[in-house]
Every structure is written in C-alpha cells, then in structure tokens.
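Colleague: Note that the numbering used here has the sequence shown beginning at 1, numbered continuously upward.
Hints may contain errors.
Okay, the calculated beta carbon distance ranges per label pair [said to hold, decoys possible]:
no., residue 1, residue 2, range
1, A257, V198, 38 to 46 angstroms
2, G82, R230, 27 to 35 angstroms
3, R153, G19, 24 to 32 angstroms
Please keep in mind that the hints were generated in silico from the structure rather than gathered at the bench. Where a beta carbon is used, it is the ideal one built from N, C-alpha and C, also for glycine.
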Amino acid sequence: MICEELLREGVGMLPRRVGVPDPAREARWLLAAAWGVPESRVLAGPQAVVPTDVVTRFREWVRRRAAGEPAEHLTGRCRFFGRDFQVSPDVLVPRPETELVVDTALSLALPRAARVVDVGTGSGCLAVTLSLERPAWRVVAVDTSVAALRVARRNARRTGASVAFAASDLATALAPGFDLVVANLPYIPTAELGGLPVEVRHDPVTALAGGADGLDLVRRLTDDLGRLARRCGGAILELGEHQADEVAAHAASRGLAVARRVRDVAGTERVLVLQPV
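Whenever a hint applies, use it, and build me the whole structure from the sequences.
Modeller: Here's what the structure looks like:
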C-alpha cells in the first residue's frame, strides 16, 4: 500500500475529539513512528510503498488510538524538555506543563553541587532532566511504585543521567538535607477522575488520584518539608487548577512561605515555590 492511501485510511478511523483534535496530524505521526522514519519523510513521499509489517503495525495503533489509548503508550516514548523518554502504562505520561517545574528549578540560585530530590518520580522525567541540565547536582528520585522506578532507571541509563533511585512513601525513607525538593504528585480530586479525557484515564490511577480535594499527598509532603529541606532550601510543587491558594495556606501553617507562583499558558497557577520562613 502506498503512503497516502494508508494515511487516508488512518484518518477515516480516527474520531475528531478532545485528545485527537487533528486526525490527519495524528495519522502522520503514528505512521512515522510505526515506520521508524521522520515525519518529514511521510509528508514528502506520498507515493512511497509502505512495508507490510509497517502497515500492520500502523493499523493496530490507529485502532487502539481511536479507542482512546494514548499515542505515547503505543509508541512507548514521549518528548519532554527536548528529549525522548520511555513511558509505559506503569507511569504518568509527562505533560508539557511539567516542564515549568524544570524551568523554575533551573532559575533558582542553588549551590553548584545542590542535593535535589524528585518525589514521585514516575518516568523519571524531572530527575533525569535536572541531572542532565545541571550535571553537578546530586539528584535522587523516589517513588512508591517499583514498576515506575524500573522505567525511570531505564530513562536514566538511556540518557546518561546520574540519578540515584529509591523506593519510598513520598520522601519518608530519606535523610534530611536537600537543597531542593521537586514533585509532580497526584492532584486530581477523586470525584473528577471519571470525567477526565479518555487518554488521561489510561494513566495509572495512583499517579492521578489525590483524594477528596486532590491534595492529600501534597499536604503530606508539605508537612515533611521542614525535616527534608535545608533551611536555605525549598520545594517546587506542580498543582492543579484552583489549588495554589489552599496549598499556600497549608504551607504557611507549616512555616513555609510562597516564594514564587508560576502560571501555565492557560493562566493557571501551576507551580508553587515554597521556602522556609
């Protein structure tokens, strides 16, 4: 089958909906990934003959994508901060807004050999990226999920990042003395889980569900920051919509002040920087 015919078939199978706003773009991306070629080659060669095994893989991926499976689960990879990361159904697919955590961390005035911990590392995207962007930093990544830690370790090996990994309930297994704590913890209220886009519902529920108001784990980590972070250190937390004020108030009750609020492209206060008073 030639490329343009296969793409037409794929577009016809993909519904236009939230998560698939542009079926033609989606089909091109999936075909390029199934073929192992740049998307530019798909665009430039409409009459190219697609190998039989690629046709079979593409059709299977389109069928699963139409049913709501994330494209990242099909291809096993995701782009984050300019790098490819392996992902699986065991970890949250990194979102673009999480790059704000990296941007914010890199903008802070930290010691050259700062000790940094990524709590709830998942795919390891934060820990690995921070280690690669600041090679002198001593980065530790923790997660309760052994399966997630396996994915994160693979990403560290693939990219050459120097990250230490540990299984831990939040950071309770770690000794204090970190210059920076970063965390993208589950923050979706339980009642809202059923209304999430179908692609998001393929992520592990433990990486999404944050309790009644979404902040159970965030509060627990905030409660531990006084022990975990050095006096001159602090924390960067990613949050959901309308959660920043509640977290700021809870942090204040624990002797922490909001040093910075960072908004995402939609205007949501997505990231808080907390520091000891």
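Colleague: It remains to establish, for every hint, whether it holds in the given structure.
Modeller: Hints versus structure:
At roughly 40 angstroms, the beta-carbon separation of A257 and V198 lies within the given 38 to 46 angstroms, and the hint holds. In this structure the hint that G82 and R230 lie 27 to 35 angstroms apart at CB holds, the actual value being about 30 angstroms. As the Cβ distance of R153 to G19 is approximately 29 angstroms, the hint placing it in 24 to 32 angstroms holds.
Violated hints for the displayed structure: none, as all numbered hints are satisfied.
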